[in-house]
Amino acid sequence: MISLAGRDILHSWGKFVFTGVGLGLLIGVTLSMAGIYRGMVDDAQVMLDNTGADLWVVQQDTQGPYAESSSLYDDLYRSLLNMPGVEYAANVTYLIMQVSHGEQDVSAMVVGVATGTPGTPGQPQYLVAGRHITRSHYEAVADISSGFQLGERIRIRRNFYTVVGLSKRTVSYNGDPMVFIPLKDAQEAQFLKDNDALVQQRRRNAENPDFNRPGIPDLLAVVNASQSTNAYVNAVLVKLKPGSLPEDAAEPIRRWMRLQVYTRTQMESILMDKVIDKSARQIALFLVILSIVSAAIVAFIIYTLTLGKIREIAVLKLIGTKNRTIAGMIMQQSLALGVIGFVVGKITATFWVPIFPKYVLLMPLDSVAGFFAVLAICALASLVAIRMALKVDPAEAIGG
Amino acid sequence: MSGKGIHIEGLKKRYGEGDTAVHALRGVDMQVAPGEVVGLIGPSGSGKSTLLKCLGAVIDPTSGRMVLGDEAIFDNDWKVHDLQALRRDKIGFVFQAPYLIPFLDVTDNVALLPMLAGIPNSKARAKALELLTALDIQHRARAMPSQLSGGEQQRVAIARGLVNRPPVILADEPTAPLDSERAMAVIRILNDMARQFETAIIVVTHDEKIIPTFERIYHIRDGVAHEEVGEGRRFE
Numbered sequence: 393m394i395s396l397a398g399r400d401i402l403h404s405w406g407k408f409v410f411t412g413v414g415l416g417l418l419i420g421v422t423l424s425m426a427g428i429y430r431g432m433v434d435d436a437q438v439m440l441d442n443t444g445a446d447l448w449v450v451q452q453d454t455q456g457p458y459a460e461s462s463s464l465y466d467d468l469y470r471s472l473l474n475m476p477g478v479e480y481a482a483n484v485t486y487l488i489m490q491v492s493h494g495e496q497d498v499s500a501m502v503v504g505v506a507t508g509t510p511g512t513p514g515q516p517q518y519l520v521a522g523r524h525i526t527r528s529h530y531e532a533v534a535d536i537s538s539g540f541q542l543g544e545r546i547r548i549r550r551n552f553y554t555v556v557g558l559s560k561r562t563v564s565y566n567g568d569p570m571v572f573i574p575l576k577d578a579q580e581a582q583f584l585k586d587n588d589a590l591v592q593q594r595r596r597n598a599e600n601p602d603f604n605r606p607g608i609p610d611l612l613a614v615v616n617a618s619q620s621t622n623a624y625v626n627a628v629l630v631k632l633k634p635g636s637l638p639e640d641a642a643e644p645i646r647r648w649m650r651l652q653v654y655t656r657t658q659m660e661s662i663l664m665d666k667v668i669d670k671s672a673r674q675i676a677l678f679l680v681i682l683s684i685v686s687a688a689i690v691a692f693i694i695y696t697l698t699l700g701k702i703r704e705i706a707v708l709k710l711i712g713t714k715n716r717t718i719a720g721m722i723m724q725q726s727l728a729l730g731v732i733g734f735v736v737g738k739i740t741a742t743f744w745v746p747i748f749p750k751y752v753l754l755m756p757l758d759s760v761a762g763f764f765a766v767l768a769i770c771a772l773a774s775l776v777a778i779r780m781a782l783k784v785d786p787a788e789a790i791g792g
Numbered sequence: 387m388s389g390k391g392i393h394i395e396g397l398k399k400r401y402g403e404g405d406t407a408v409h410a411l412r413g414v415d416m417q418v419a420p421g422e423v424v425g426l427i428g429p430s431g432s433g434k435s436t437l438l439k440c441l442g443a444v445i446d447p448t449s450g451r452m453v454l455g456d457e458a459i460f461d462n463d464w465k466v467h468d469l470q471a472l473r474r475d476k477i478g479f480v481f482q483a484p485y486l487i488p489f490l491d492v493t494d495n496v497a498l499l500p501m502l503a504g505i506p507n508s509k510a511r512a513k514a515l516e517l518l519t520a521l522d523i524q525h526r527a528r529a530m531p532s533q534l535s536g537g538e539q540q541r542v543a544i545a546r547g548l549v550n551r552p553p554v555i556l557a558d559e560p561t562a563p564l565d566s567e568r569a570m571a572v573i574r575i576l577n578d579m580a581r582q583f584e585t586a587i588i589v590v591t592h593d594e595k596i597i598p599t600f601e602r603i604y605h606i607r608d609g610v611a612h613e614e615v616g617e618g619r620r621f622e
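Chain order of the listed sequences is A and B. Heads up: the first sequence is residues 393 to 792, going by this note's numbering. Heads up: the second sequence is residues 387 to 622, going by this note's numbering.
Same shape as in the complex, but just chain A (with noise of 0.2 Å):
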């Protein structure tokens, strides 16, 4: 049987073929935009894989440290190393803010890390060039994105670190590149103020007559003492002997320490339900809109190139081919510039997405579900054209 369809494109290819493209640079944005969603996940799964925790323990009634502030006192973690089943227990803060390196400011998560023994939760697991941090002070791995450079003096507030370190794929649930910094310094960043508010805070205490009583003259330097400190941390990661079962070791947590203890599971479905829920839902939004926009260019494309041929259509209808036959043709064309098209997009998509400023991931079970997306969204688009014409009266190709 010969194919109408497919001689039709062969003879106006190039309007095919160019038609193809422009919906094809269409279906690449909607890939594109697919895989800013699958991103935005890796980025949140890669970011709890790289805490190498079990176990995120938290301030009581909060949802932290990373979709609500959580607070918790700094020498939690040894009474966590006692609890059964826990092998280590690591303090951590988070902290969003813009880190400097020359005259430049880039937005990362400063994560404060607790140096310890290797296999401490919290660091980065594997180093692309450099070391650890090993010192207590000012010392600082980067993620590689972040564009610091190995030996670099980065500044956090008003301190400037050595990049001792390069990390990759650490990344925060937003995209932003880590800078792991030593804890002590990370609390100190996170809670310090600045001299001038510093000099009022003491003016203050100095009047609050339950701060400077006359009988008791160490209280004011104590209470200014304990105000210029900080000994809070957002979580504490807890990494569990092998063979312990995660809600096994959470339970005695919660009940007994009174604190909110959080699974890998459950972590990640805050993640997922409370952080970028609202992204996804974004994007979700956009490519029922793309797609609805390519079914419209589709059905306009296939309904004009048939109006073009509605004298043909008419003499095909006169000398006696079937219904389904001109149906198919039609059809035919449309899956054809949804094949083009999609072919189009997906090269498109693989050679924009690395110049994307956040993490794209090109799933190839997406664009196999895209494929047949596309193709469905042809055929349904098709049936304009179709409808039109079966409606030819054959009678058209007869004068009179």
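Just so you know, the hints here were simulated from the structure itself, not pulled from any lab data. Hints may contain errors.
[Stated by the list, open to error] Covered stretches of chain A (in silico footprint by chain B; criterion: 3 or more residues with CB under 8 Å from a CB of chain B, positions within the stretch not fixed):
1) 399 to 405
2) 705 to 713
3) 780 to 789
[To be verified] Calculated pairs, DSS-like style, for lysine-lysine (alpha carbon to alpha carbon, straight line, at most 27 Å):
4) B:Lys465 - A:Lys714
5) A:Lys407 - A:Lys633
6) A:Lys783 - B:Lys595
7) A:Lys783 - B:Lys509
8) B:Lys509 - A:Lys714
Computed from a predicted model, the values in this text were never measured in an experiment. For every residue, glycine included, the Cβ atom is placed at its ideal position computed from N, Cα and C.
Here the structure of chain A is known, so what remains is to put chain B in place on it, guided by the hints.
Relative to chain A, chain B alone:
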């Protein structure tokens, strides 16, 4: 394919109802024998196109009887069910403009109908080439329609109309866009094909050049066909 040609009895066609009804055909009787070419003439609005559309199974008559070949296709309230198959197998069409499919070459334009009917492509193309040879246009077999002259396109259109060896060919102003020489060539071909394939051919025309070539003419006036004897001049 031989048959009984075309046989029409009391064919009527009315558009609309009541006071606004238009009686386009008011009881047309017509007979065209296999191998015969007759002319159908008449002024605009006389009912020629309506008669052609009824014969082409494109519109239903209001009443009357039509037999194409050896098969009744309309008999008052009854009509053939599969009109597409009827048009494909029993009727060949040649139009005022050739209306060739622009994305198929000459051979495939002619072979299209048998291909769509399920005949293998190679056999359908062989059949088409045979006809193109009969019409002396085989040297243009691989050309696209846009590369042909008007006369060549019309010969390809005739070949397409004949390819399924239908008992009836309906030609609607087939010489209108052609000069005298080419118009006469087309009429000669239609006569040759009618004799060779025993096909009954009706040629609707206004063309004064070709009217004298018909031996019989049906002249339609106000929806009624009057049979006239033509001059039957030999082709020059």
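Checked hints:
| no. | hint | result |
| --- | --- | --- |
| 1 | 399 to 405 | holds (count 5) |
| 2 | 705 to 713 | holds (count 7) |
| 3 | 780 to 789 | holds (count 4) |
| 4 | B:Lys465 - A:Lys714 | holds, 19 Å |
| 5 | A:Lys407 - A:Lys633 | violated, 65 Å |
| 6 | A:Lys783 - B:Lys595 | violated, 38 Å |
| 7 | A:Lys783 - B:Lys509 | violated, 32 Å |
| 8 | B:Lys509 - A:Lys714 | holds, 20 Å |
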